[in-house]
Structure formats: C-alpha cells, structure tokens
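*Asks:* Next come the chains, spelled out residue by residue.
There are 2 protein chains.
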Amino acid sequence: MSKNFQVQLASFPESIPRPNDFTLIETPIPDLSLDQVLCETLYLSLDPYMRSQIAGRHMSGSVGVNEPMIGETVSRVVMSESKDFKPGDIVRCFGGWQHFSAHNASALQMVADTIDPMSYALSILGMPGLTAYAGIIWQAKPKPGDVVVIPAAIGGVGATAGQLAKLQGCVVVGIAGSEEKCQYATEELSYDACINRKTENVSDRLKELCPDGINVFFDLVGGELLQTASEQLAIGARVILCGLMSEYNKSTRAAGPAPGLWIKARAIIYGLVVYDFEHRREEFLKNCIPYVTRGELKIREDVTMGLENAPESFCRLMRGDNFGKALVRVGT
Amino acid sequence: MSKNFQVQLASFPESIPRPNDFTLIETPIPDLSLDQVLCETLYLSLDPYMRSQIAGRHMSGSVGVNEPMIGETVSRVVMSESKDFKPGDIVRCFGGWQHFSAHNASALQMVADTIDPMSYALSILGMPGLTAYAGIIWQAKPKPGDVVVIPAAIGGVGATAGQLAKLQGCVVVGIAGSEEKCQYATEELSYDACINRKTENVSDRLKELCPDGINVFFDLVGGELLQTASEQLAIGARVILCGLMSEYNKSTRAAGPAPGLWIKARAIIYGLVVYDFEHRREEFLKNCIPYVTRGELKIREDVTMGLENAPESFCRLMRGDNFGKALVRVGT
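As given, the protein sequences belong to chains D and V, one line each in that order.
Position one of the first sequence corresponds to residue 751 (the numbering used here), numbered consecutively onward.
Position one of the second sequence corresponds to residue 751 (the numbering used here), numbered consecutively onward.
What the hints contain is simulated information worked out from the structure, not anything from laboratory work.
Heads up, none of these hints are tricks.
Which copy? The list can't say, so a pair holds if one copy fits it or any two copies do.
Here are the simulated SDA-like cross-link-like pairs (lysine to any residue), alpha carbons at most 25 angstroms apart as the crow flies:
hint: 1; residue 1: K1014; residue 2: F762
hint: 2; residue 1: K833; residue 2: M868
hint: 3; residue 1: K1014; residue 2: C843
hint: 4; residue 1: K916; residue 2: S940
hint: 5; residue 1: K1000; residue 2: K1014
hint: 6; residue 1: K1014; residue 2: H1029
hint: 7; residue 1: K1000; residue 2: Q977
hint: 8; residue 1: K1048; residue 2: P867
hint: 9; residue 1: K891; residue 2: V1023
hint: 10; residue 1: K893; residue 2: D1026
hint: 11; residue 1: K1048; residue 2: R1030
hint: 12; residue 1: K893; residue 2: V1023
hint: 13; residue 1: K891; residue 2: I985
hint: 14; residue 1: K1014; residue 2: D1026
hint: 15; residue 1: K891; residue 2: G986
hint: 16; residue 1: K957; residue 2: G811
hint: 17; residue 1: K1014; residue 2: G973
hint: 18; residue 1: K1014; residue 2: E974
hint: 19; residue 1: K891; residue 2: R1016
hint: 20; residue 1: K893; residue 2: F1027
hint: 21; residue 1: K916; residue 2: K1048
hint: 22; residue 1: K1014; residue 2: I820
hint: 23; residue 1: K753; residue 2: A855
hint: 24; residue 1: K957; residue 2: S810
hint: 25; residue 1: K1014; residue 2: R807
hint: 26; residue 1: K957; residue 2: Q977
hint: 27; residue 1: K891; residue 2: R1030
All chains, please: the whole structure from these sequences, using the hints.
*Replies:* Next up, the structure:
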C-alpha cells in the first residue's frame, strides 16, 4: 500500500468544466506524524461550490492547476498515530478527490452508526442536509400554510429543504430541469407541484401556483430565478441566499434583484453559509435521523463508481444533468 | 373662508423634477359630511418617496397630472362634525399640498403637546424618526461598538438613525453631499466621521474608517452606495433597505448588489416600510421624546415659507440640496 491516486485540476475551465480539465495522477501515500490518521476514501461528495473553488472564488479554499481537488468524504481509518481513532473507524473528513488522505485527528469526525447507509453522512444527514435544515428551519422558520419555493428541487440541498418544509405543513413548489425530475419531486419527495424550467414559463407558473405570493424562497441558483421569485414575494417573505448554481460557470457575477422588490415585500434576506451551523450539527441529526428512519425524509443519491469517473460526474453536475445528490464511490 | 389653494402635478417629470412640473390651483373648500373634520395645514412634510408617487410607483398611492400632491401635514382643526375633534386641535393627517383639507375623523391623529415644536411631529418625532427607529433599533439591533454607516447622513431619516446608533454606543459613519453637511454631521449630530461623497472616494474612505467591515448599513439611497457598502460588510452584518434616493429620478430601477456579497457576509437584509410600524408609534415616542428634551436627539429642519414655494423646495430636495428635513410652513 504505497500508491495513491488523486484527481488534480489540469486547466481552468472557461465556463462549464469538461472532463479533460482534470487529470488522474499517481502520488505517494503520505507518512504519518504523531496524532495523524491515514484514511481511505469510501465516498466522495461532489458539490456545486467546487466550481467556485476552481475559480478561486470560494471562502472555503481554492484549487489551482496541478493541485488536488478538494472535497468532503466518508473514509475508513487504515492507520492511526492518534489515540482517538483506530483502523476500521468510519469518519467524515475533507479527504479530497483521492484514494488516501492523511489528517490531523482533530480534522476527523466519527460517523455515527445511526447514519445508515454511511453515504447519508454526505447527503441528507451531511452538509447538504444541514444546509437545508439551517435555511428552512433556523432561518426561514416557516409556518403551516406558508408557500415555499425550492429551485434545484431534487438536488442534495433542495430535496431535503423541500421535504423539511413539507413536514412543517407548508405548500411546497419545486423548480427543476426535466420532466423526470419534476415527477420525482411530486411523487417521491411530496412536493405539491414542480415547475419544469426548461419547458414552462416559470414566472407564469409561479403566479398560478402561488396566487398569494411566495412566503419562502430558498435560493440555490441566483440569477434569473432569484429575480423572478423576488418579483412575486408575499409580504413578510424570507429569502435564503444559499447557492448560485446559475452563476458558477460564469466568469463574472451578475447583479441581484432591484432592492425595491424586497422593500415592497418587507422581505428578510438571509445569507447562509453552512459552516456557521457546524456547532448545531448534533441538534440537526437528532431531529432528522428519526425522519429518515421513518421514511419521511428521502434522498436520491446519484452515485458514480470509481474515482477515475469523478471528473465526468462533476461536469454532469455542473450541467445540471445529475439526478439527486452527486457522490462518487471511491473505495470498497 | 371659501377658497383653498392646492399644488397639483402639471406634468410628469422625466428625471429630476422642476418647479414648472407643478401648478398652484384655486379650489373650493369642501363641505363636511357627518363625522368629518376640516383642517388648515400648518406644516407640510416633503419627502423623497413623493417622487415615486409622481412616477406611479409607490405603494402609498400615486399622483397623476392635474391631481393634488399627497403629503403628510400638521394641521389645525377649523371645523368639526365629529365629537372627537374640536376647532383648535392640532392633528397629524395626510392633508396634502394645500391650505385646507377635509378628512374622516378616523384619519386624524392628535399631536400630543409633548411634541414641541409641533413641526417635530413631521420630522424627528414623526414618520422620518419612526423610520429611523424601526430600522436601527427594531431591525438592526446594534450592539455597542458596532460600526453603523448612514448615507444621506443629515436628512430626516438619516440624522435620527445616526444619533440613535450613537446612543446605542456604536461607531457611526455618515455619507453626505457637501463639506458643510459633513461638518454638521460630526459637530452637531455626533457622527464619528462623515464622508463627502462628492469629493472623496467613498469605497477607500469606508475601508479606512471601517477596517473591520460595516456591521450595519442603513440604506436610504440604493444604487452605487449600496453596492460599495455591500462589498465591505462585516460577518453578520445587517442591511436595512429603506430608501432609494439615488433611483427616484430615474425611469428604470437598477439591479441590486450581487447576492454572493451578502452570502459571504452572512448578512441579514431587511426591507423596511414605516407603515408596518405604525402600531408601535407610541413606544417610539415614549422612548424618543426624552432624548429630544435632553438634547440628545437633534434635528435640523429645512423650512420653506409658503405653499407657493413648495414645488421649488421639493425640487431642491430631489437634487439633494436641502439641508435637514424638508418642511413647508403653510398656514400661520
């Protein structure tokens, strides 16, 4: 066990990345210092924010050419110089796009065996789930009957946000990029309706579906959909600014909606960064594991087999062609 | 007493209004129905939102050509068919730009004699003051040491907002349009600093004056200053969207800052409409009258004599050439 494979950035993509913007490199497995732990990646999470890291614009770090891609993983401890971890432990860490990663023990979190399957630690019971919970429950605080609109309705964050809103007694309207996704949203994820943004006029459909206006818009996309939703807010609406999917592949950042729209709605707009809620992760898990166990919170994982296929899977995600939370099964 | 004079809109201004966009008309004094009250205007408030009413874009109503201009007034009751008001009572109402106005009794509010001078019912202890109080105290909730930035620093709302923030122990930075206004802000209104937006680089000066970022931005202007401030927010900043002074004279509405700026700052953005806080006016007065009595809250009123001069005064306001809260002394 002396070889490691990792995916590095080969070139800065201009817009939507292509697989040959990445390259698979063989590197040595690092030696461990005291209190360090060697992990084998089992699942790698692929997320839209990685596009911003590549562009050097994300607060969580940036990736340069010939540098390994960053990413959160569920990993298995294979060697440990720390008293806190032993081989076989399943942990969550930022292992990156590679088979093996070394970490200080303090950078690892145990994955509780109540999280089953363990991949859920990267999806509905991981960062996407926590993001959805923070935005919907802690920030938007929806009341029964509130109309909640979720673009990217069946993605990692959106699917959880929509179901959480539904569990609060809200009317939940999704927006997604295909008929198949819309069908999944309404039939499996209990959305009340889902708008196909590629074939329907989103503004007109929102007017039909939300005649009294939108009470909560969980913004994962920015750009035109944020503008459209901001034009149709109900008085006292809450807008959660969380993601900019429509912007990540662009080299400049578009302006936001005219502030007058938000004044008119007396809206409250929250900037959401999930890292700020890390200290409340246990509370989130305590509340959500029972929902998952009872089948009231579901997630569809879009799992790609093999690290070598991670670049293609990431490019699909950035084209919006994934179906559910994008993960890569790396080790066995 | 059978004649009334009122100012009507004569033509829709394209950009900054000019005095000949208005005309002074003689009209009859209305007869009173049961429960109605006839009022003589003493003071008329001139406010930036009136520009939006002229453009037909304000939620409080619109003014068409050959229609009387709307405006809040302090008025004296001269005839009453209501048991609730008697001649001589001083009231607050939307008397408009005219000498006499008739109202249903339910549309009048008594001006308490603790409000002295009575013009304060239209400035620091009126709608501008309530706006400032709602934004700073109830929405932004500033903590001692917070850095609060107020554009339109010495206007009706801004001056009160800045002084209220100072009373909360904040560091208060103003932005104004002349050296004289800046000097007034720091010397009379206790601002810690004031940036002259016409002669200084606002972005650079904000960086110098707020090295750790802006905690509260009380937005009265929109446009470029909102963008500049949004680029320099501290983590957890609050932005109060309250006015769009930079936009009122334009025929289209500019886009807002890129949402990513607000995500990065984990900002909370509040759309503020003062009408929503009418039910808390007594609380506001109870808290602020003592400040005014003790000289801890000051206001400079820019009083124009005579209704016939209201159009010129309003145009000055829309050019930003007023010095303090714009009022018209109408009756004696």
